[in-house]
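Novice: Read off the chains here:
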Amino acid sequence: ETGVTQSPTHLIKTRGQQVTLRCSSQSGHNTVSWYQQALGQGPQFIFQYYREEENGRGNFPPRFSGLQFPNYSSELNVNALELDDSALYLCASSFPGQFYTFGSGTRLTVV
Amino acid sequence: DQQVKQNSPSLSVQEGRISILNCDYTNSMFDYFLWYKKYPAEGPTFLISISSIKDKNEDGRFTVFLNKSAKHLSLHIVPSQPGDSAVYFCAASHTGANSKLTFGKGITLSVRP
Chain A
1 ETGVTQSPTH LIKTRGQQVT LRCSSQSGHN TVSWYQQALG QGPQFIFQYY REEENGRGNF
61 PPRFSGLQFP NYSSELNVNA LELDDSALYL CASSFPGQFY TFGSGTRLTV V
Chain U
1 DQQVKQNSPS LSVQEGRISI LNCDYTNSMF DYFLWYKKYP AEGPTFLISI SSIKDKNEDG
61 RFTVFLNKSA KHLSLHIVPS QPGDSAVYFC AASHTGANSK LTFGKGITLS VRP
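Chains as they are written, first to last, in my numbering: chain A, 1 to 111; chain U, 1 to 113.
FYI, nobody ran anything at the bench for these hints, they're computed from the structure. A couple of the hints might just be wrong.
[Said to hold, decoys possible] List of simulated lysine to any residue pairs, SDA-like, C-alpha gap at most 20 Å:
id, chain 1, residue 1, chain 2, residue 2
1, U, K71, U, S85
2, U, K100, A, P96
3, U, K100, A, Q41
4, U, K100, A, R51
5, U, K105, A, R107
6, U, K100, A, F64
7, U, K100, A, N30
8, U, K5, U, T26
9, U, K100, A, H29
10, U, K100, A, T9
11, U, K105, U, E58
12, U, K105, U, I20
13, U, K105, A, S86
14, U, K100, A, N59
15, U, K100, A, Q44
16, U, K5, A, F64
17, U, K105, A, S104
18, U, K100, A, P61
19, U, K100, A, R57
20, U, K100, A, F60
21, U, K56, A, F99
22, U, K100, A, A38
Start from the sequences and build out the full structure, keeping to the hints where you can.
Specialist: Structure representation (C-alpha cells):
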C-alpha cells in the first residue's frame with residue numbers, strides 16, 4: 001500500500017510567479033485536503049476535494065486553487081506568489097470518516 | 001484567532017517517565033480531537049483520537065483525556081521512549097476525522113535516554 005506522495009519536495013520561486021504542487025493520494029482514498037504550514041505554526045487548512053469537487057475551503061484568497069482528478073490525485077495552484085506564501089505545503093488523503101494520511105510535503109520558498 | 005492552543009512549545013522528559021502534552025480549544029462546536037506526531041522531513045502521522053462523547057481513549061502507551069467543560073485535552077505517553085521525540089500537534093474538527101482540521105502550533109517533545 002503506497003502512502004501519499006508529493007512532488008516536488010522543494011522549490012524556489014520568484015514573487016509574482018505561479019506554482020503547481022502535485023499530490024498522489026494513498027490508494028483508494030477519495031478525499032484529499034491541502035494544508036499550509038508556515039514556520040513555527042501548525043498546518044492551516046486550505047481546501048478539501050471529494051470526488052473531484054471542492055468540499056470546503058479555509059481562509060485563503062482565490063489565487064489558491066486546486067483540482068482533483070478521476071484517479072483522486074490532486075494539484076494545488078498558487079498564482080501571483082507573495083513572500084508570505086513561503087511554507088511547507090502538505091497534502092492529506094482519506095476515506096470519508098477516516099483520519100488523514102499526510103504526505104511529506106513540498107517546501108516552497110518565494111524570493 | 002487561535003482556536004486550538006498548545007501553549008508550551010517544548011517538553012523534555014526522562015526515558016521511562018510519563019510525558020503529558022496539553023492542548024486547549026475555544027470553539028465549543030469541535031466534537032472530534034486528534035493528535036498527530038511529526039518527525040523532521042516527514043508529514044504528520046496520526047497517533048490517537050477522541051470523540052467528544054468520550055472522556056478517555058487509550059491505545060497502548062498513548063492515552064488522550066478530554067475535559068469538555070474546561071475545553072482541554074491532554075496526551076499521556078507512558079513510558080516515554082527516545083523514539084517518541086518529535087513534534088506533537090493537537091487538532092480538532094466539528095464534522096469528523098477527515099473534515100477541516102484546526103491545528104495547534106505543536107509541542108516539541110524530547111525524551112532523554
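Novice: Hints first: check each against the structure and report whether it holds.
Specialist: Each hint, compared with the structure:
1. U/K71 - U/S85: Between U/K71 and U/S85 the Cα gap is close to 26 Å, so the pair fails against 20 Å, i.e. violated.
2. U/K100 - A/P96: Holds, at roughly 12 Å.
3. U/K100 - A/Q41: holds, 17 Å
4. U/K100 - A/R51: The given pair, whose Cα atoms are some 16 Å apart, holds under the 20 Å limit.
5. U/K105 - A/R107: holds, 18 Å
6. U/K100 - A/F64: holds, 16 Å
7. U/K100 - A/N30: The hint holds at about 15 Å.
8. U/K5 - U/T26: Holds, at about 8 Å.
9. U/K100 - A/H29: Status holds; Cα separation ~16 Å.
10. U/K100 - A/T9: Roughly 24 Å separates the two Cα atoms, so the pair is violated.
11. U/K105 - U/E58: violated, 23 Å
12. U/K105 - U/I20: Satisfied, since the Cα-Cα distance of roughly 16 Å is no more than 20 Å.
13. U/K105 - A/S86: The given pair, whose Cα atoms are some 17 Å apart, holds under the 20 Å limit.
14. U/K100 - A/N59: holds, 12 Å
15. U/K100 - A/Q44: Satisfied, since the Cα-Cα distance of roughly 9 Å is no more than 20 Å.
16. U/K5 - A/F64: With Cα atoms ~26 Å apart, U/K5 and A/F64 exceed 20 Å; violated.
17. U/K105 - A/S104: Within the cut-off at roughly 18 Å; holds.
18. U/K100 - A/P61: holds, 17 Å
19. U/K100 - A/R57: holds, 8 Å
20. U/K100 - A/F60: holds, 13 Å
21. U/K56 - A/F99: Since the Cα atoms of U/K56 and A/F99 sit roughly 18 Å apart, the hinted pair holds (cutoff 20 Å).
22. U/K100 - A/A38: With a Cα-Cα distance of about 17 Å, the restraint between U/K100 and A/A38 holds, given a limit of 20 Å.
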